[in-house]
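Engineer: So for the sequence shown, full-length UniProt numbering puts the first residue at 1; every next one is plus one.
Keep in mind that the hints were calculated from the coordinates and are not lab data.
Calculated pairs, DSSO-like style, for lysine-lysine (alpha carbon to alpha carbon, straight line, at most 27 Å):
(1) 159 x 119
(2) 41 x 67
(3) 62 x 168
(4) 206 x 147
(5) 219 x 103
(6) 159 x 67
(7) 41 x 62
(8) 103 x 62
(9) 103 x 41
(10) 159 x 62
(11) 219 x 147
(12) 168 x 119
(13) 103 x 67
(14) 103 x 159
(15) 103 x 147
(16) 168 x 41
(17) 41 x 159
(18) 219 x 206
Every value quoted in this text rests on a predicted model; they were computed, and no experiment measured them.
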Amino acid sequence: MLAHAWPALFGFLLSGCSALGSVGADTFTLEGELPADFALKAQAHYGGSESCSSRGHVESFKEDYEKAPHGYRFEIPVSYRDGLCDLQLVRVGLFIYGRYGEKDWQQTYDNGELMVVSKAASEDNNNVSALPSPIYSECSWLFQESKLNLEISKLLSCKGAGARLNRKQLPQQTVILTFTVNPREEPYRDNTWIEFPEGWRPCLPKEGWQQCQDPPVFKTYRNNNIECTIYPNCTE
Numbered sequence: 001m002l003a004h005a006w007p008a009l010f011g012f013l014l015s016g017c018s019a020l021g022s023v024g025a026d027t028f029t030l031e032g033e034l035p036a037d038f039a040l041k042a043q044a045h046y047g048g049s050e051s052c053s054s055r056g057h058v059e060s061f062k063e064d065y066e067k068a069p070h071g072y073r074f075e076i077p078v079s080y081r082d083g084l085c086d087l088q089l090v091r092v093g094l095f096i097y098g099r100y101g102e103k104d105w106q107q108t109y110d111n112g113e114l115m116v117v118s119k120a121a122s123e124d125n126n127n128v129s130a131l132p133s134p135i136y137s138e139c140s141w142l143f144q145e146s147k148l149n150l151e152i153s154k155l156l157s158c159k160g161a162g163a164r165l166n167r168k169q170l171p172q173q174t175v176i177l178t179f180t181v182n183p184r185e186e187p188y189r190d191n192t193w194i195e196f197p198e199g200w201r202p203c204l205p206k207e208g209w210q211q212c213q214d215p216p217v218f219k220t221y222r223n224n225n226i227e228c229t230i231y232p233n234c235t236e
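Throw the hints in and build the complete structure from the sequences for me.
Structural biologist: Structure below.
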């Protein structure tokens with residue numbers, strides 16, 4: 001999953017059709033660890049049966065950025081009452097945010113999802129564990145030259161940020177989802193930078209293409225208003 005623009009963070013809480021709704025008593029706990037300069041938003045989506053198919057509701061939970069590695073803990077209701085409709089939790093959308101600088105544009109996010117299913121086996125015949133195992137998601141930074149900001153910009157890719165959860169076993173359960181960062185950064189597009197022992201060097205593209213010329217012709221790039229030849233150390 002690749003990153004997206006920042007403004008989705010901390011948007012308006014989407015509400016259901018009734019302002020008089022209430023969450024159910026049963027909850028499950030979603031908790032884990034976040035790296036430094038990471039934040040997390042979880043959106044719990046609720047839906048109804050056929051007679052209440054037009055009803056829906058979303059509850060949002062968030063853990064903000066911190067300079068050091070930090071934990072998070074969300075108590076997520078497994079049901080929601082909207083008038084005469086009992087809405088059940090169907091999925092939890094995840095927004096994993098990371099920042100790599102102090103400027104407003106130097107932050108981005110990737111997505112994950114926890115699906116809540118009623119059967120012990122999903123539609124693709126994968127078994128759904130009654131007792132969810134800890135989930136570990138590794139996030140990687142993918143760098144590129146930003147034509148808009150004329151500096152290095154990065155995208156975030158988080159693998160494994162999802163699972164299927166058994167609805168009947170979910171109340172009072174604790175689901176552990178922990179995020180780590182791969183220390184190795186790679187280019188966003190293949191064959192646009194070439195790796196050397198000292199780091200990555202950008203190269204001029206073929207005419208009409210994004211990939212490097214063959215043999216490669218190297219160029220400079222700018223980062224923090226400095227002309228550089230190699231990433232991430234700028235100079236060899």
